[in-house]
Amino acid sequence: MVIRRDRLVDACALLRDDPEGMYTMPVYVTAVDWPDREPGAPRYDVVYQLRSLQHNDVCRLVVQVPEDDPTVPTLEGEFCGMDWHERECYDLLGIVFEGHHDLRRILMPDDWEGHPLRRDYVSFGEPVAFTHNIEWALPAAERPPGMPGTSR
Amino acid sequence: MAAILPPQQPGLPGGEDTFAEGRRRLGVPPDLDNVELTEIGEDTMELNMGPQHPSTHGVLRLVLDLDGEVVRACRPDIGFLHTGFEKDFERHTYQQCIPYSDRMDYLAPLINNLGFSLAAEKLLGVEVPPRGQYLRVIMCELARLGSHLIWFGTHALDMGATTPFLYAWRERETIMDINELVSGVRMHTSFIRVGGLMADVPDEFEAMVRTVVHTFPKAIDEYELLITKNPIWRERTIGLGTISAEDALAYGMSGPCLRGSGVAYDLRKAQPYSSYDHFEFDVPIGVNGDVYDRYLVRMREMRESLRIIEQALDNLPSGPVNTLDRKVAPPPRNEINTSMESLIHHFKLVTEGFSVPRGQVYQAVESPRGELGFYMVSDGSNRPYRVKVRAPSFSNLHALPYMVKGELIADVVAVIGSIDIVLGDVDR
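So the sequence lines, in the order shown, correspond to chains Y and Z.
Position one of the first sequence corresponds to residue 6 (our numbering), numbered consecutively onward.
Position one of the second sequence corresponds to residue 527 (our numbering), numbered consecutively onward.
Bound conformation, chain Z alone (with noise of 0.2 Å):
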């Protein structure tokens, strides 16, 4: 360090020899061309990374064995997002399990809230009339869309691409916009509750969408010009953290990571719950199973959403969203005003909520990342026994060793990014 003292440094002589001095005070430097180099065998490096990391997309931490580059295993490390909602479930009535729901996934609530609400709807063995289901898809699919957005602009970051986070946020925006609008929060709406919708759409939801609808098509093509042939990218992606469609299936994989290995499986088509089954919409599926291939899904899944919601809105029928059992749903304000019935069902919904009848049922969903189920058992009683929560992002990310063994360090973040985790899924 002494050869960087200026030359007038008190006990250091100026002049041209100032650095000679130095380098006589640091000792004598090795001769780097004739080092003896020890070999270092088949030992391996343990880097720890995250759950403090940009590119885990939260708390994750890994341990990753380094052999130099290579990671020779990988050992994912999750819970630091443990709520325990499961727990919280068990002691709050039905309605008011919704707003935990919106917590898990919180890049796409409203799916989480339609899985715990149909499976909840299911047991209680009631029907939301059409247009609630038609609302719900079109708040779902544009959940979907904000949630796909999310994860084109930080999988991007991730791989060095600053600009497509900034578009992606943009598009986004519209679709928070609709969310205020229709119920007053941006993220964590509960606006999809049990036995229909938190309330009919205002008037200016029609338009709101129909914008969304026509420009969106026009955004993803700006997204694909700067990505999809982009030669870095490709580069960088293709080939990376394959896996193949029978190991996908046994790791429990769903969703566009599932579908990127060439399965065609999508709950929406498969088991269609809330009248999917209505809209006519493809299911894209991959070739190879590796990063491009589950970039190329998750694009191209933007653009079916796009056509369901424009269906949707299309024929979007009239009538009440929710349901008529007053059991269920509260009645409207203008009927507690005048019925003794309505008012003694609206005091008894808010105080103790509605008992559901004995017995268990699993509801899968079609979430942005998989199959998000919802296991319920009730006792009788006004709240759920045991509910589990089948979070897609927890079977996705126990893949992840499998698909970085022997792929190079800067890789992983990666695929982290295409496997699309959120932590409060996985870890719920």
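Chain Y on its own, in the form it takes in the complex (with noise of 0.2 Å):
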């Protein structure tokens, strides 16, 4: 179910009370990075799945977020157990989640540079700098645009 951004507390808080639902049990929340999608369609597809014991069943959201804007507001004050889910998709992907109260870095150092689920960040085949691309000893700020591995 895709659902717009500023209405996502909303349809949690309802999904969370409504009789209906009771979707009280926050299962995770992670986020798909798409980055050959056509030009100016949104990049990021955050993906909310609550589960509702009651009816046996779960929900997934889907909130799209443009890559110049990847925020989407904090669904801690819906469900306590979202707070770390949130900071580890902030961690590992870059979506802000707006009115989190302390969005760190959970897995990853908290000096790493990047975010190593998105599709460009190179994991491997780390170039060693030699003579002809000393640059890459240099860090990332200093680095000359357009180097593969960058994207840290």
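Please keep in mind that the hints were generated in silico from the structure rather than gathered at the bench.
We put the beta carbon where it would ideally sit given N, CA and C, even for glycine.
There may be inaccurate statements among the hints.
To be verified - Sample of chain Y residues lacking proximity to chain Z, with all beta carbon distances greater than 10 Å (derived):
| hint | residue |
| --- | --- |
| 1 | Pro-24 |
| 2 | His-105 |
| 3 | Phe-135 |
| 4 | Thr-136 |
| 5 | Glu-147 |
| 6 | Arg-148 |
Claimed, not checked - Calculated lysine to aspartate or glutamate pairs in the EDC-like style (CA-CA distance at most 20 Å, straight line):
| hint | chain 1 | residue 1 | chain 2 | residue 2 |
| --- | --- | --- | --- | --- |
| 7 | Z | Lys-795 | Y | Asp-15 |
| 8 | Z | Lys-744 | Z | Asp-729 |
| 9 | Z | Lys-613 | Y | Asp-125 |
| 10 | Z | Lys-648 | Y | Asp-62 |
Got two chains here, each in a separate frame; can you build the complex from them with the hints?
Below, the structure written as structure tokens:
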């Protein structure tokens, strides 16, 4: 179910409280990166999953956010268990959860550069700095643009 | 320090005056009866626990705010075992992903295999034959038993009981032997594959599993004799780390931790997979949601697992274990020798794997720790586009600060033991 970003909190509150829904258990939050979509289409799908024990059902919500503004409102207020899942999603995919009380990295080290689960993040085959590509040894901010692995 | 020097020490006079001389050198000791106490007030002490700590069950770091011995706040710091399996999945074919899934929850690797395989099979639309499904159930329940045994041994060891640890490892060894028999490997078996199993089980399998089914009830009786009614154990665990059913749900807790709070929700019953609906078993629940209830739930779950294994073994169907879809599971050896088409299938599967139709699924299985879910997105190629692993330990550990708030520092290890985390599962 694809919903708009500004209706997310209301929709989740309704799903949680409505007697026909009772989706009280947060299962996970994650995002899927689609960098190859046509221009103008939102790049990230933020995926929420809730579980209803009363009705023995799961419900998946998708919020599409663009590349230049990857923000969604936090659901901490609705489900306290979303806290760590949102931090993980921020850490690994760079989705910003607005209003989150403590949006820090959770799995990667605090000083890590980049978001590893983005599709353009190079996690292997990292070049070794030789004479011909000595710029690779520079810190990420000072490297010339367009080098392989620059998304870190 | 001068007071403990021997009398012959040069520079210090011998005889009776040694100690007096020592005291003189150290200065006048404070008069402890009339010492002026400063008010400590609301200040708390920050204490670091882990990541290298014997009772945190792996590389878990806790930052505790202590007021005396009472925990005022607890901030878990995780990620020390983060390996990036979700990224690894994206650049491996589906069958190559299976060994990675083994290494997440390393105490019950087969259940990870099962979750991944079921998600991929759902996308592919293939069905595993009954014998394959039953063997999957037997192996997964054995893995659950092994995992609960490790939990039991280490949980008791954390609380100061050394004997159960040795007993639990002795019993677990028989399960490891079965793993070795069927797959050649003791722990990271990768026995369950997309489309079925690595191979059918050898003839000795049934006798070995029967031995487990017959010996384990006595072994569990023995554990319960040691621990369940042990007054020290009850004193330490009853009323500790309590969490209500509503709070447990809001934190996304699942598995024995949720059932300990009185919610009878087990995915094997609620959303049966791999023919779990063919077997009769109960879902044990607790009442108070404390450490003792979670202990009781897991002990009873071990007996239920044995019931499932016995039923599956009694009714084990014959036939193939792998799906007959040759585009997914490789053909048997004798067929490759005689059929050109089988040879091509085998070649294609080994060199490039199989392509999975475009789509997305969520498949959850009941791991020993709770709801282990795989959210899998396919773009139609032979590698998963994105796999999100919903780790049960991650959500369960999230509730730890809530559960230990206001408890004593010595009880923190008891609560950690009772939620049964595996850091490979938390950090992935």
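Quick rundown of the hints versus the structure:
1. Pro-24: Since the minimum Cβ distance to chain Z is about 16 Å, Y:Pro-24 lies beyond 10 Å and the statement holds.
2. His-105: Non-interface label on Y:His-105 holds, nearest chain Z Cβ at 14 Å vs cutoff 10 Å.
3. Phe-135: At about 25 Å from chain Z, Y:Phe-135 clears the 10 Å cut-off, so the statement holds.
4. Thr-136: 30 Å, holds
5. Glu-147: Check passes; 26 Å lies beyond 10 Å.
6. Arg-148: The claim holds: Y:Arg-148 sits with its nearest Cβ about 22 Å from chain Z, beyond 10 Å.
7. Z:Lys-795 to Y:Asp-15: 32 Å, violated
8. Z:Lys-744 to Z:Asp-729: Answer violated: Z:Lys-744 to Z:Asp-729 is near 26 Å, above 20 Å.
9. Z:Lys-613 to Y:Asp-125: 11 Å, holds
10. Z:Lys-648 to Y:Asp-62: 17 Å, holds
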